[in-house]
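Protein chains in written order, with the numbering used here: chain A, 105 to 410; chain B, 105 to 410; chain C, 105 to 410.
Hints in this document: simulated from the structure, not taken from any laboratory. Heads up, some of the hints might be wrong.
[What the hints assert, rightly or not] Simulated pairs of lysine-lysine, DSS-like, Cα-Cα distance not exceeding 30 angstroms:
1) K340(C) with K398(B)
2) K398(C) with K340(A)
3) K398(B) with K398(A)
4) K340(B) with K167(C)
5) K167(A) with K137(C)
6) K137(A) with K167(C)
7) K398(C) with K137(B)
8) K137(B) with K137(C)
9) K137(A) with K398(A)
10) K398(A) with K398(C)
11) K398(B) with K137(B)
On a predicted model such as this, the values are computed, not experimentally measured, just so you know.
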Amino acid sequence: MNFPIAELTGALVGSYAQHGGINRLEGANLPSKGAVEEITRDLLRLLFPGFFEDRVVESSELKADTAILIDSLAGRLEDQIYKAVRCFECSETSKRDPRRAAHELTTEFLRSLPGVRALLSTDIEAAFTGDPAAQSREEIIVAYPGIEAVAVHRMAHELYRRDVPLVPRIMAEWAHSRSGMDIHPGAQIGSHFFVDHCTGAVIGETCVIGHHVKLYQGVGLVARSLAAGQALRGQKRHPTLEDHVTIYANATIVGGDTIIGTGSTIGANVFLMHSIPAQSLVLLDDVRVRVMNKRERAEGVVDFQI
Amino acid sequence: MNFPIAELTGALVGSYAQHGGINRLEGANLPSKGAVEEITRDLLRLLFPGFFEDRVVESSELKADTAILIDSLAGRLEDQIYKAVRCFECSETSKRDPRRAAHELTTEFLRSLPGVRALLSTDIEAAFTGDPAAQSREEIIVAYPGIEAVAVHRMAHELYRRDVPLVPRIMAEWAHSRSGMDIHPGAQIGSHFFVDHCTGAVIGETCVIGHHVKLYQGVGLVARSLAAGQALRGQKRHPTLEDHVTIYANATIVGGDTIIGTGSTIGANVFLMHSIPAQSLVLLDDVRVRVMNKRERAEGVVDFQI
Amino acid sequence: MNFPIAELTGALVGSYAQHGGINRLEGANLPSKGAVEEITRDLLRLLFPGFFEDRVVESSELKADTAILIDSLAGRLEDQIYKAVRCFECSETSKRDPRRAAHELTTEFLRSLPGVRALLSTDIEAAFTGDPAAQSREEIIVAYPGIEAVAVHRMAHELYRRDVPLVPRIMAEWAHSRSGMDIHPGAQIGSHFFVDHCTGAVIGETCVIGHHVKLYQGVGLVARSLAAGQALRGQKRHPTLEDHVTIYANATIVGGDTIIGTGSTIGANVFLMHSIPAQSLVLLDDVRVRVMNKRERAEGVVDFQI
Numbered sequence: 105m106n107f108p109i110a111e112l113t114g115a116l117v118g119s120y121a122q123h124g125g126i127n128r129l130e131g132a133n134l135p136s137k138g139a140v141e142e143i144t145r146d147l148l149r150l151l152f153p154g155f156f157e158d159r160v161v162e163s164s165e166l167k168a169d170t171a172i173l174i175d176s177l178a179g180r181l182e183d184q185i186y187k188a189v190r191c192f193e194c195s196e197t198s199k200r201d202p203r204r205a206a207h208e209l210t211t212e213f214l215r216s217l218p219g220v221r222a223l224l225s226t227d228i229e230a231a232f233t234g235d236p237a238a239q240s241r242e243e244i245i246v247a248y249p250g251i252e253a254v255a256v257h258r259m260a261h262e263l264y265r266r267d268v269p270l271v272p273r274i275m276a277e278w279a280h281s282r283s284g285m286d287i288h289p290g291a292q293i294g295s296h297f298f299v300d301h302c303t304g305a306v307i308g309e310t311c312v313i314g315h316h317v318k319l320y321q322g323v324g325l326v327a328r329s330l331a332a333g334q335a336l337r338g339q340k341r342h343p344t345l346e347d348h349v350t351i352y353a354n355a356t357i358v359g360g361d362t363i364i365g366t367g368s369t370i371g372a373n374v375f376l377m378h379s380i381p382a383q384s385l386v387l388l389d390d391v392r393v394r395v396m397n398k399r400e401r402a403e404g405v406v407d408f409q410i
Numbered sequence: 105m106n107f108p109i110a111e112l113t114g115a116l117v118g119s120y121a122q123h124g125g126i127n128r129l130e131g132a133n134l135p136s137k138g139a140v141e142e143i144t145r146d147l148l149r150l151l152f153p154g155f156f157e158d159r160v161v162e163s164s165e166l167k168a169d170t171a172i173l174i175d176s177l178a179g180r181l182e183d184q185i186y187k188a189v190r191c192f193e194c195s196e197t198s199k200r201d202p203r204r205a206a207h208e209l210t211t212e213f214l215r216s217l218p219g220v221r222a223l224l225s226t227d228i229e230a231a232f233t234g235d236p237a238a239q240s241r242e243e244i245i246v247a248y249p250g251i252e253a254v255a256v257h258r259m260a261h262e263l264y265r266r267d268v269p270l271v272p273r274i275m276a277e278w279a280h281s282r283s284g285m286d287i288h289p290g291a292q293i294g295s296h297f298f299v300d301h302c303t304g305a306v307i308g309e310t311c312v313i314g315h316h317v318k319l320y321q322g323v324g325l326v327a328r329s330l331a332a333g334q335a336l337r338g339q340k341r342h343p344t345l346e347d348h349v350t351i352y353a354n355a356t357i358v359g360g361d362t363i364i365g366t367g368s369t370i371g372a373n374v375f376l377m378h379s380i381p382a383q384s385l386v387l388l389d390d391v392r393v394r395v396m397n398k399r400e401r402a403e404g405v406v407d408f409q410i
Numbered sequence: 105m106n107f108p109i110a111e112l113t114g115a116l117v118g119s120y121a122q123h124g125g126i127n128r129l130e131g132a133n134l135p136s137k138g139a140v141e142e143i144t145r146d147l148l149r150l151l152f153p154g155f156f157e158d159r160v161v162e163s164s165e166l167k168a169d170t171a172i173l174i175d176s177l178a179g180r181l182e183d184q185i186y187k188a189v190r191c192f193e194c195s196e197t198s199k200r201d202p203r204r205a206a207h208e209l210t211t212e213f214l215r216s217l218p219g220v221r222a223l224l225s226t227d228i229e230a231a232f233t234g235d236p237a238a239q240s241r242e243e244i245i246v247a248y249p250g251i252e253a254v255a256v257h258r259m260a261h262e263l264y265r266r267d268v269p270l271v272p273r274i275m276a277e278w279a280h281s282r283s284g285m286d287i288h289p290g291a292q293i294g295s296h297f298f299v300d301h302c303t304g305a306v307i308g309e310t311c312v313i314g315h316h317v318k319l320y321q322g323v324g325l326v327a328r329s330l331a332a333g334q335a336l337r338g339q340k341r342h343p344t345l346e347d348h349v350t351i352y353a354n355a356t357i358v359g360g361d362t363i364i365g366t367g368s369t370i371g372a373n374v375f376l377m378h379s380i381p382a383q384s385l386v387l388l389d390d391v392r393v394r395v396m397n398k399r400e401r402a403e404g405v406v407d408f409q410i
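So here's chain A without its partners, still in its complex pose (with noise of 0.2 angstroms):
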């Protein structure tokens, strides 16, 4: 049986041209997201040399194969900052050349590395001595999902800072996909920070988080009033994490005034729209929980389950 393949074409093709607004024809050429993927794997490779090669990386030949990643890296790289400056600038700005400032942006990007490797030392530094479950620091370099996306977000947001338009978005969902953990490129974020599991973490944009803060999963710092949409586009909406901040699992903290002191713990839970002063302690009311025994249980709640 055949399929009615011109029918069939002709509704699609017409609804390209209707809905046009959700396809991207030719002139446009973005980034591509497989590309810039495939970059972002090499770039991990560069950070944390012989950790993810099958083969043993010799010290000897460590510089000549260091300079070949690079090399290869480079060029990818420069093509892809090229096609997002082209396409979401050159309209509307105008300040650059894409082409020279591609080439600019990549080689700046790249003079950061070292930068990037000291921080997440300290990051890898934070993950040890704050998991007793952590055997060995190789361990949380291979086994653990939160130094790959730190890492990428390190990165990310030295070409977010660079206002290099959306690869640094792509890097970052690919992070996101993988780990669960949601940050934007956007989120300033100091030393010694560890997310433990990871797994629906979200981190805002115009977060700014000290030294030495450890988050848990399903943790959102995130904003308030969104209804007023791309009316807020570049003002500061996410919280501000001092040092030394610890906050347990699944607690969202609200707005870009809030502001949690340094030294505090914020519980599991907890849902906060203020700011807290240093040296708190922030929990949900113990009063709020029930304990029932389940043949006393009231009526109201007899068609919970079990």
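For this one, chain A is given, so just place chains B and C on it according to the hints.
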């Protein structure tokens, strides 16, 4: 040193015979998970032409390219639907000739794609206007987790409502693994739907969701009283959200009779098991959060942590 | 335009020397993440024959096919275990000859697989009887995130309890990335275990979980007082759940002394740091939720949103 292959094989093959429920041998020929995932990727290329290719799509070639992709997809999809219908219906209901049914279902499904695109263009619009972090509609397609997941859902739902077994569930689970959001193919979802951050959101099989609904990460629209298990199959077990409802992070709404009225907003971490009228605002009571200075904190919480 | 490759290489290689803790060069030869993931995929094919292949598995060939797969797996797994034992034990404990230990551990592990299958058949049964959305046991294997994650856990736990370093953690993290559920290989889990939706669930290293336990997305079984960090290694830090316990979405249970008694049910979003007796029902108090009309809402919440 050799392994005792014969002994190990004997033990495992014996286990296949004993716990037969968990393997699937000759005659069965279930839909292939790998093949369905490949088809889903190609369907996304059909919905968003030019977005996931590395090469540029030229307008002049768009029609021919689309026809080729549809032709390739149609046969493969029919094959998987055929396997699903044959495996799960022959013995029980026997109402449909599997081969004929698979052909008709595939054709009808492909005819539904322009409608799916029309809905998706409203979803992209909702994401763009609702999120100040979005810099372009292209960013939403390429770098937001939600659009891919909702696109896959809208397609899987077209198969689900035509009673195609298993295939829509494999599609949905592929999207779940990538976005962290679990939408059952049965859920009915209106236009302008946006889930921000996605991870941990769960939308159950019998949910009915109106237009202009916005959800955040970790929101659960789930069933009550699951103890009854299989006895509840087919019943409405999950909530109804009317138009213009917003539900913040990690809130859980339970039950098939629960209706969230038009224009209502549910705050983060709320747990709700009953209906609320239109234009409601539902929040956790502020009293529930205790802020205390760490040095003054009560005995009972001393051992909580730093 | 050329990139300053020599300068960029020099800076990065200098950083490798300075922050040595985060790279891994010659001599180390850690287990390969990629190789362990490939082995894990093949182990799943061994547990569920015929489910992930595109071709049909014939009964007549089952024994030969199984022997070939075991033979191929055994050598590769031994190799990875050898690397792990050599890297992490020689210097410290030195109790085992790495090559001999790797061979014996691999053999013992493969001998444990029929027992793993027996347990998994109870997990599939629990998922099927507990979830009205499940239409067949096949759907649970092919399209539920939990079964893959629990299958990987049950195998990783067999390696963990034989003191294989790193390899079980890489397996677990692969499953975490795919399901969104983070189960530490150390957790002891009884039969008939079912986690619905999975995303965001966290089960810590020293958890002890009885039979017929059902969890939902976002449930955390976590440690108290993590400030003590590495000092706590080896201690019981995570909760015990007795038989027939059900825990709803996003509830967090904390601490190694915390025991949830047989037959108890914990509601969504509960945060619990102490034990509860058998047959308890634990719910958030209804009082905590305020429902108000948006037009009448108090000043304090005016700026919340819409």
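How the hints compare with the structure:
{"no.": "1", "hint": "K340(C) with K398(B)", "in the structure": "holds, 26 angstroms"}
{"no.": "2", "hint": "K398(C) with K340(A)", "in the structure": "holds, 26 angstroms"}
{"no.": "3", "hint": "K398(B) with K398(A)", "in the structure": "violated, 36 angstroms"}
{"no.": "4", "hint": "K340(B) with K167(C)", "in the structure": "violated, 45 angstroms"}
{"no.": "5", "hint": "K167(A) with K137(C)", "in the structure": "holds, 24 angstroms"}
{"no.": "6", "hint": "K137(A) with K167(C)", "in the structure": "violated, 43 angstroms"}
{"no.": "7", "hint": "K398(C) with K137(B)", "in the structure": "violated, 47 angstroms"}
{"no.": "8", "hint": "K137(B) with K137(C)", "in the structure": "holds, 24 angstroms"}
{"no.": "9", "hint": "K137(A) with K398(A)", "in the structure": "violated, 53 angstroms"}
{"no.": "10", "hint": "K398(A) with K398(C)", "in the structure": "violated, 36 angstroms"}
{"no.": "11", "hint": "K398(B) with K137(B)", "in the structure": "violated, 53 angstroms"}
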